[in-house]
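Asks: Whole structure, please, built from the sequences with the hints as guidance.
Protein chains in written order, with the numbering used here: chain A, 97 to 184; chain B, 26 to 796.
Just so you know, the hints here were simulated from the structure itself, not pulled from any lab data. Just so you know, not all the hints are guaranteed correct.
Said to hold, decoys possible - Derived list of chain B stretches under chain A, where covered just means 3 residues or more per stretch with a C-beta under 8 Å from a C-beta of chain A:
#1 190-202
#2 378-384
#3 409-416
#4 454-467
#5 556-565
#6 633-647
All values derive from a computational prediction rather than experimental measurement. For every residue, glycine included, the Cβ atom is placed at its ideal position computed from N, Cα and C.
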Amino acid sequence: MPIIHIPNALQTFCEKRDSVEVAGTTLREVFRNLESICPELTTQIISSEGLRSDLAVAIDGSILDSRGLTETVDTDSDIYLVPPLGGG
Amino acid sequence: MPSYFKEVMQMTMLEPKISSVGTNTVRPDGIDKVTGRAIYGADVRLPNMIVGRVKRSPHAHAIIKNIDVSKALALPGVLAVVTSDDFPEPVEAILQTLRGPMPAQWDIERLMARRKVLFKGHPVAAIAATDGHIAEDALDLIEVEYEVLPPVVTIDDALAPDAPILHDDGLDSLVEDLFQPVDGRPSNIARTVEMGFGDIEEGFSQAEVVLERVYETAMSHQGYIETHNATAIWNQDGKITLWTSTQGAFGIRQNVSRVLGISLGDLRVIPAEIGGGFGGKTVVYLEPIAALLSRKSGRPVQVTMNRTEVLEATGPTSGTRSFVKIGATREGKIVAADIRLEYEAGAYPGSPVAGGARCALGPYVVPHQRILGLDIVLNRPKTAAYRAPGAPASEFAVEAVIDELAEMLDIDPMELRDMNAAVEGDRRSDGATHGSVGSREVITTTSEHPHYRAEITQKDVGRGVAMGFWQNGGGESSAYANVHEDGKVTLITGSVDIGGQRASLAMQFADTLGINYEDINSLVGDTDTIGYTGNTGGSRTTFATGWAVYQAAVDVSTQLEERIAKIWEVPVDDVNYSPIDASLHGPGDLVMTFREAAAKLPSTGGMVQGRADLVSTNVGKVGACFGAHIADVHVDRDTGKVTVLRYTAIQDVGRAIHPAYVEGQIQGGAVQGIGMALNEEYVYNDDGSMANSSFLDYRMPVANDLPAIDTVLVEVPNPGHPFGVRGVGEVPIVPPLAAIANAIYDAVGIRVSSLPANPESILRELAERES
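Replies: Here it is, written out as structure tokens:
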């Protein structure tokens, strides 16, 4: 199953876990299934308009080109949630 | 292929006959600034305006037993006094910040202390009076009774088993595990950041050489010339207008609205001209206080800080301690890195340790890595963003080890960096991979640069080199373009102009349409006149707001095509705008210039406005940035003074829209980094007071201290932007720390592990070495 890697700033929304295995063949399916495991985390990732704009998502290293919940995910994919980095 | 890439490719294939991108155009705001006409925050004048001043704590750590303002209020000319009682009632809510959740109440108490003061300079009350002298006299009449507590001044103080606990109000329990218990006791470690991948033990088992070192950097300030200020008028209808010196009006509006519990729609924030920010002007300090004083007095109120207030009570960057362990093969391949970062957060959680963690190993491929970052609270001002927040300290530590590794393995320092360079597709510490980056080009340019190759012949002169990495930002931006019938355009964006954005944005707009840069009047809007736009910071503006002005220009051309199709009575698809000749082309020989088309707008439905409100990372891709700096220094063995003799900064800048401004960013960043390396530090007394809270004693480098900073602009265009832009403003502050430290070693054989390397520390190190 794909693995979602959770950064420290968001672990509080998922029982302090740093990663979680979630089934799904698209990003939408993965996040939909995540809702039953860590519902609070899902709201940190997805808004009613799609992926939150202040959070980047990388699938197997590549940050998505657009807010593509339709992006396909392999069974052994690593999905990283990359929080924004405050600049100066 | 995403649609924006098609657009970008089409765009970059076009070469307008008239082009300003890549030239050094005249700055639109230049004349106003050099003649004194520009209106900075403290220049704002309103009818019946009065003056505000802030009463601050003389103690670094104390419980407030009582505040008596009666004598101050009785002073003739005093019209209002504000304390924490004038802020909304304490709330038990969580605030989501960029650096993690924290109790929302602390966001208010940072501005005005309620139960405890947590740093010297912490506001406890504020006065508004008819003039500044009365206000200052009134401050002395405010009586505050304190129970003084032992201060926590250093990281060691904060981590001591018996350390006083700063946040003992119980609010931390709102955020699970906000403070990390140590041995079952409460601690001042606010939160930890962990990242990395691979198998750290396996990685070090492959290492044939291992270096393990500890480095420190000092708390330092952005040092912007213009101090903080705020002018507020709270009207009887409940609407508030604020003028302030800020890097982003919308962020200020959000923060003031939150802490005062007022509607966003009732608050208008107008960004004044700004005299520097470097990250430090993304935070509110005076704005809510000025607003409350205005509400209580019924008058417009202006509050300004002096330099001591800025140094003691605004947000510097963290002092840090970094433990770095790096393993490599004898051939020079890095196989493992284990890093622990300890960053001072100041009085409330939120140091830039995550930025330090994410960038520490940024320039390199390290297959097995583990990075742990600690955010530590102590009785110093709450830290704020400062140019590449967190990165200079962690990358100093890594770059110093790389230099030592190169010497140990007898490999040229740049060759070692080249062997381990991270390029497109390589994994970053945060789990993503590098996109299109110019790391290899920067390394090659540096290695071949005459400065790097020049022979050193003088005694006690050495050369150091170091690299830097910063991810750069994207975010939300807006642009509106009003086309006038004479063919000129007023371009309004929400990006405060700090480094020449009016020009660089107008240039991108002009080139998208192929029109003259001089025909664009480039303005900065406020929160009521332009759509949401993020801060000018994070190296985002020329990229993100550049995307917005590009799309606004495309919107103008699309609307012109529709209008002119009606005039020509042809299908709109038969009309195409070409930036090559800034003209519309129709069937046959039909041609109409932009200027001719603009003249026809009043009679074809009115003028047009091109608009774009976008999230830049939804339409494009941020291009990360690499730089390498070469420093030659002389070390005076008698005085300990380090003099920078020659300095060259090489940087991948994507495409330089305005090369002189890009050079200025690089030079400015390098100078600030040199300041961190050689001079700048907060010096604290044992009682938690700052010993050097003026520019006489807080030593920033000035022109006489520095050689000319040579720059080399390496242009590797960012494919995720119409003009190839990648942010340039932050990465140049990263390499100087290690470049200078490595140069000092080359000069006199001292491995500097604690910055700044001031004369006192150099003399101490030299003496230790000789003994």
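Asks: Against this structure, judge whether each hint is valid.
Replies: Evaluation of the provided hints:
Beta-carbon proximity to chain A at under 8 Å applies to 3 residues in the stretch 190-202 of chain B; the threshold of 3 is reached and the given coverage holds. With a threshold of 8 Å between beta carbons, the proposed coverage of the stretch 378-384 of chain B by chain A holds, since 3 of its residues qualify and at least three are required. Only residues whose beta carbon comes within less than 8 Å of a beta carbon in chain A count, and the stretch 409-416 of chain B has 5; three or more means the coverage holds. A count of 5 residues in the stretch 454-467 of chain B with a Cβ less than 8 Å from any Cβ of chain A is obtained; the coverage claim is therefore met, three being the minimum.
Look at the stretch 556-565 of chain B against chain A: 5 of its residues bring a Cβ nearer than 8 Å to a Cβ of that chain, three or more, so the hint holds. Proximity of the stretch 633-647 of chain B to chain A, defined as three or more residues with a beta carbon under 8 Å from a beta carbon of that chain, is established by the 5 residues found.
Of the numbered hints given earlier, the model fails none.
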